[in-house]
Amino acid sequence: DTGVSQDPRHKITKRGQNVTFRCDPISEHNRLYWYRQTLGQGPEFLTYFQNEAQLEKSRLLSDRFSAERPKGSFSTLEIQRTEQGDSAMYLCASSPPFRVSYNEQFFGPGTRLTVL
Amino acid sequence: GNSVTQMEGPVTLSEEAFLTINCTYTATGYPSLFWYVQYPGEGLQLLLKATKADDKGSNKGFEATYRKETTSFHLEKGSVQVSDSAVYFCALGGITGGGNKLTFGTGTQLKVEL
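In order, the protein sequence lines correspond to chains A and B. Per this note's numbering, the first sequence starts with residue 381, numbered consecutively. Per this note's numbering, the second sequence starts with residue 16, numbered consecutively.
Treat the hints as calculated values from the structure; they're not laboratory data. Check the hints yourself; a few may be wrong.
Where chain B lies over chain A, by a calculated footprint (3+ residues, C-beta under 8 Å) [stated by the list, open to error]:
1) 417-430
2) 487-496
Pairwise CB distance ranges (calculated) [said to hold, decoys possible]:
3) A/Gly383 / B/Asp70: 21 to 29 Å
4) A/Glu463 / B/Glu23: 27 to 35 Å
5) A/Glu448 / B/Thr27: 40 to 48 Å
6) A/Ser453 / B/Thr27: 42 to 50 Å
7) B/Glu31 / A/Ser446: 49 to 57 Å
8) B/Leu129 / A/Glu448: 25 to 33 Å
9) A/Gln460 / B/Lys71: 40 to 48 Å
10) A/Ser438 / B/Lys83: 22 to 30 Å
11) A/Gly383 / B/Gly76: 20 to 28 Å
12) B/Gly76 / A/Glu448: 37 to 45 Å
13) A/Ser453 / B/Pro55: 41 to 49 Å
14) A/Ser446 / B/Leu129: 42 to 50 Å
15) B/Gly76 / A/Gln464: 40 to 48 Å
16) B/Gly93 / A/Phe454: 39 to 47 Å
A virtual CB, placed ideally from N, CA and C, is assigned to each residue, including glycine.
Chain B on its own, in the form it takes in the complex:
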């Protein structure tokens, strides 16, 4: 079945540092890949997505590239801010009956300090 593995947290960085959160997946077919973010006390929000191999998703300075050869979708940001502190979830979408069941990783908590 489908599965997602992402690096464990918490990840603690200083403001303006470079961020990488690793995500690898196992899936049949050609799933879509997503990064969701959960800020403290809030619901899950879609951060970015990629629907096919070599696509790059980007939003708010975050980027991730769909690498089929390495089955990876690593999240990167060149310069993090304190406001980026949140839990980040990598997910893949499996088409089912016209829907899109998401399989999530366990989440990586990011803490950004001044």
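If we strip away everything but chain A, and leave its shape as in the complex, we get:
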């Protein structure tokens, strides 16, 4: 039983560059979440997918951020024109269908982004 996987685990980029992260949820989990965690803080919600539909986006998700889940399986999070303030750990989590367990989320190891 594989857990949630994220790729890459670490990304260093220069300010102004675009970056894309990938998340592969647990098989048959139809719900997928992205969070951002900065040093010394708890994770903050960014966005939520149910299957391929993006049902909620946080105000934290500026126009430079876009997330997709084209086939309802893996998801990507893209940040355009990165800024130093984007440096953080980006976490992905997935959940089984609501009827199975409406509130338990399983987290991946995260992608640590450093913007120079």
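Could you slot chain B onto chain A? The hints should help.
Just chain B, lined up with the frame of chain A:
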């Protein structure tokens, strides 16, 4: 909106000491409450949860009771071990569009020494 406040760390204890990490919340409706743990170099893991008032979540010797009257979900363990050293996050779940957006506290680092 929803918010979670938990005690600041680090909390340093000797092995076999009693642990309490305080957590209070503000929420509309009836959220579920969680404790997640993050061991060094690892991802977040669900430690325990409670879905309604007066529920007690428990796992690995840790316990927390959902207290609606005091809006609290304090984490306790009777005898900590060095292996319990980690960062502990209190979180509440808000149902949204069939999902469950989690709102986390800032985390409390626990250090257990021999």
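Each hint tested on the structure:
| no. | hint | in the structure |
| --- | --- | --- |
| 1 | 417-430 | holds (count 8) |
| 2 | 487-496 | holds (count 4) |
| 3 | A/Gly383 / B/Asp70: 21 to 29 Å | holds (26 Å) |
| 4 | A/Glu463 / B/Glu23: 27 to 35 Å | holds (28 Å) |
| 5 | A/Glu448 / B/Thr27: 40 to 48 Å | holds (44 Å) |
| 6 | A/Ser453 / B/Thr27: 42 to 50 Å | holds (44 Å) |
| 7 | B/Glu31 / A/Ser446: 49 to 57 Å | holds (50 Å) |
| 8 | B/Leu129 / A/Glu448: 25 to 33 Å | violated (49 Å) |
| 9 | A/Gln460 / B/Lys71: 40 to 48 Å | holds (46 Å) |
| 10 | A/Ser438 / B/Lys83: 22 to 30 Å | holds (27 Å) |
| 11 | A/Gly383 / B/Gly76: 20 to 28 Å | holds (23 Å) |
| 12 | B/Gly76 / A/Glu448: 37 to 45 Å | holds (41 Å) |
| 13 | A/Ser453 / B/Pro55: 41 to 49 Å | violated (31 Å) |
| 14 | A/Ser446 / B/Leu129: 42 to 50 Å | holds (49 Å) |
| 15 | B/Gly76 / A/Gln464: 40 to 48 Å | holds (42 Å) |
| 16 | B/Gly93 / A/Phe454: 39 to 47 Å | holds (42 Å) |
In this structure, the earlier hints numbered 8, 13 are contradicted, and the remaining ones agree with it.
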